[in-house]
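Participant: Turn these sequences into a full structure, and let the hints guide you.
Single-letter residue listing:
Protein chains: 2
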Amino acid sequence: MEIIPGGVTAPKGFMASGRACGIKKDGSYDIALVCADDTAIASGVFTTNAVKGHSLQMTMEHIKDGRAKAVIINSGNANACVGEKGKADAAEVANQAAKLLNCRSEDILFNSTGVIGVPLDMDAVRAGIKDVIASKSYEGGHDAARAIMTTDLSVKEFALEFEVGSAKARIGGMAKGSGMIHPNMATMIGVITTDVNITQNLMEKAFKEAVNTSFNRISVDGDTSVCDMVVIMSSQKAGNNVINKEDSEYIAFKDALGIVCGHLAKEIVKDGEGATKLIEITAEGAKTQEDAYKIVCAVAKSPLVKTAIFGEDANWGRIITAAGYSGAFFDYESADIFIGDLMVCNKGAAVAFDECRAKEILKKDEIKILIRLNTGNCRDRMWTCDFSYDYIKINGSYRS
Amino acid sequence: MEIIPGGVTAPKGFMASGRACGIKKDGSYDIALVCADDTAIASGVFTTNAVKGHSLQMTMEHIKDGRAKAVIINSGNANACVGEKGKADAAEVANQAAKLLNCRSEDILFNSTGVIGVPLDMDAVRAGIKDVIASKSYEGGHDAARAIMTTDLSVKEFALEFEVGSAKARIGGMAKGSGMIHPNMATMIGVITTDVNITQNLMEKAFKEAVNTSFNRISVDGDTSVCDMVVIMSSQKAGNNVINKEDSEYIAFKDALGIVCGHLAKEIVKDGEGATKLIEITAEGAKTQEDAYKIVCAVAKSPLVKTAIFGEDANWGRIITAAGYSGAFFDYESADIFIGDLMVCNKGAAVAFDECRAKEILKKDEIKILIRLNTGNCRDRMWTCDFSYDYIKINGSYRS
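Residue numbers (numbering that gives the first Met the number 0), protein chains in the order written: chain H, 0 to 399; chain W, 0 to 399.
Among the clues, some could well be false.
Since copy identity is lost for identical chains, a pair holds within one copy or between any two.
[As the list claims (entries may be wrong)] Cross-link-like lysine-lysine pairs, in silico, DSS-like; alpha carbons within 25 Å at most:
hint	residue 1	residue 2
1	Lys84	Lys346
2	Lys86	Lys346
3	Lys362	Lys392
4	Lys24	Lys358
5	Lys23	Lys358
6	Lys367	Lys23
7	Lys392	Lys98
8	Lys269	Lys392
9	Lys207	Lys236
10	Lys23	Lys207
11	Lys204	Lys392
12	Lys392	Lys363
13	Lys286	Lys265
14	Lys244	Lys207
15	Lys269	Lys363
16	Lys236	Lys358
17	Lys367	Lys346
Bear in mind the hints are in silico, worked out from the structure with no lab data behind them.
Facilitator: Quick look at the structure:
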């Protein structure tokens, strides 16, 4: 397995582009295209929010048949909560792109991310679609990744090559995140491409598992957006024998996919709004899987834990408190807590620990918190980031 | 009904005191006593966190018989998660106070608030208990209210006098809050005193209802502390005929109690860590009571909503988003949203509203958000505050 450049255009059979069409006032890239040479097999995971953006609702319909030609994403405007115009705009985008790409409009996936409740500027969008389609290329992955950013500070893309039988296959991906990142389901916008030859069913199965341990295990602020999705498309052009059962080649694909999704998910957390630290929270020894999940989730969401880590303060009282109100079975007098490799709480009681050592651990960019419950065999892990002044700054003035 | 001074010592039959015993390093008040002349009837509501402080655990036992002589509270140290010493220390406090007050140790309620995981400095506590008992007076309510503060900026106390039949009765209260304020159950530390003559059962019933619409309807950061409680004691000395059924005199008491608890609850939110604004969130027209609760809760907890209000930004997209992920039944295409009296969303779609008018509303210290669901008849209301730079500042360096 080898990390390679190229992002979503690393796999065979995909072109991409990113351009500025004027939705963002500062002139930065705001429209992205990822396009398969032929129709690709496709699958998606979507927000569980009861409110869904108009573009996203259309995409959820279009992907039902398991195939797609292209994904178009605009940033700067969520096309959400604008009424009938929002639906009509989404349909128009699909129709326009289908005409230019010579495919069915049902094979166009479209999503929008940004401010809610403001109608799309369709003059800008129409020109943008023309532009991204005209400029699409086999080297366009990076531009596409740039064009889906909102408050992201870093471009998030990743690709790798791996062996499947005697052939080499590739998986590429791009993502955007920043605020409103929280499970469940598609916790951001992500597009994964691959050229592995696999059935749609098995690709979907591997994809859902990969999403579950990556994008569904990150939290920035506990809010779940109305437009979030991750989609995967395969051109099936890698040249391997088709994967149609859960054999070693399927496992190779699933593992590689897990790495790509995990990498992008962590990139999202690291670049969480105002984040200065990546925090990995693990609960082990839980009675049930659900208990482990509830605990990592509560700790990852706690503003008090997140501000303590920002302040590089080994305030494990806030960790045990969050575990306590998580709703999980939690016998705190059996629980141990570690910050890095430092035990700070033993069977629910304080341990005299070396504060200097704790400071050293907390000064790092990546902090591990382990809650060992000692009441069972179940385990879960979640990534989150700290809460800093900049989170407030960014979110106190996003719309204006 | 008349607002009166005196806090917890406003009702007949209660003395109080607050002193500095050295738990807090800066020399400010850190030990409080509220003491009935005779044994009072008592009831309490306690944190639902699976982790509970040692002092609190003892108090939950002691109050089971529905009576108490005194409440002692120290601030600066939570006496939580310190193992066997924590239990022993709590017991010693009860024994010492019982001896000095000439009562059973089971009639002493004791609670502690502050840092978790650090053993109590018992030399300081012992001297403090002697001191508060020696200095207790019928004018001591204010000092007691000062002594329970942690990161609170304002002293929270309130009292009123009301008519019960031909007699006049009083209710007084003090509270501390600031961080970690979130339902359910006793979301902070509060002590309510009254002299109304009522049975313990009916006092408890009225108290639980009052807590439910006040202290259980506030949120500062969604964290639920391990030491939170509200207790009520009555000296039964007002001179009214005993209230032993749910008649008009019971209603008079319940209404007055609701006002005292509501006032203190709102004071807690206003003084939330770093808070600059009080936000009242109402959901009406929900299908079920639980749906209404889930929606106000999700909106009140959303860091994105709270930072938007701090930034005086009418970003209602974040409000509808939070309602959408609340887990409640939420048909967003039927929902209207108001900020103050300004409709910003109609049937799930943006309304062209006057941004200047919105700014005017958002500049105020108290902001009302109304989500009208139009799908049923149920309603709930919660108070929260905004998230500011100071929240991060306070919580990034609390322990040190």
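Participant: Are the hints correct? Go through all of them and say.
Facilitator: Now the hints, each set against the structure:
| no. | hint | verdict |
| --- | --- | --- |
| 1 | Lys84 <-> Lys346 | between (58 Å within a copy, 14 Å between copies) |
| 2 | Lys86 <-> Lys346 | between (55 Å within a copy, 15 Å between copies) |
| 3 | Lys362 <-> Lys392 | both (23 Å within a copy, 17 Å between copies) |
| 4 | Lys24 <-> Lys358 | between (42 Å within a copy, 22 Å between copies) |
| 5 | Lys23 <-> Lys358 | between (41 Å within a copy, 23 Å between copies) |
| 6 | Lys367 <-> Lys23 | neither (37 Å within a copy, 31 Å between copies) |
| 7 | Lys392 <-> Lys98 | neither (43 Å within a copy, 54 Å between copies) |
| 8 | Lys269 <-> Lys392 | both (17 Å within a copy, 21 Å between copies) |
| 9 | Lys207 <-> Lys236 | within (22 Å within a copy, 66 Å between copies) |
| 10 | Lys23 <-> Lys207 | neither (32 Å within a copy, 52 Å between copies) |
| 11 | Lys204 <-> Lys392 | neither (40 Å within a copy, 45 Å between copies) |
| 12 | Lys392 <-> Lys363 | both (23 Å within a copy, 20 Å between copies) |
| 13 | Lys286 <-> Lys265 | neither (27 Å within a copy, 39 Å between copies) |
| 14 | Lys244 <-> Lys207 | within (16 Å within a copy, 59 Å between copies) |
| 15 | Lys269 <-> Lys363 | within (13 Å within a copy, 35 Å between copies) |
| 16 | Lys236 <-> Lys358 | neither (51 Å within a copy, 55 Å between copies) |
| 17 | Lys367 <-> Lys346 | within (19 Å within a copy, 44 Å between copies) |
In terms of the numbered hints stated before, the structure departs from hints 6, 7, 10, 11, 13 and 16, listed from lowest to highest.
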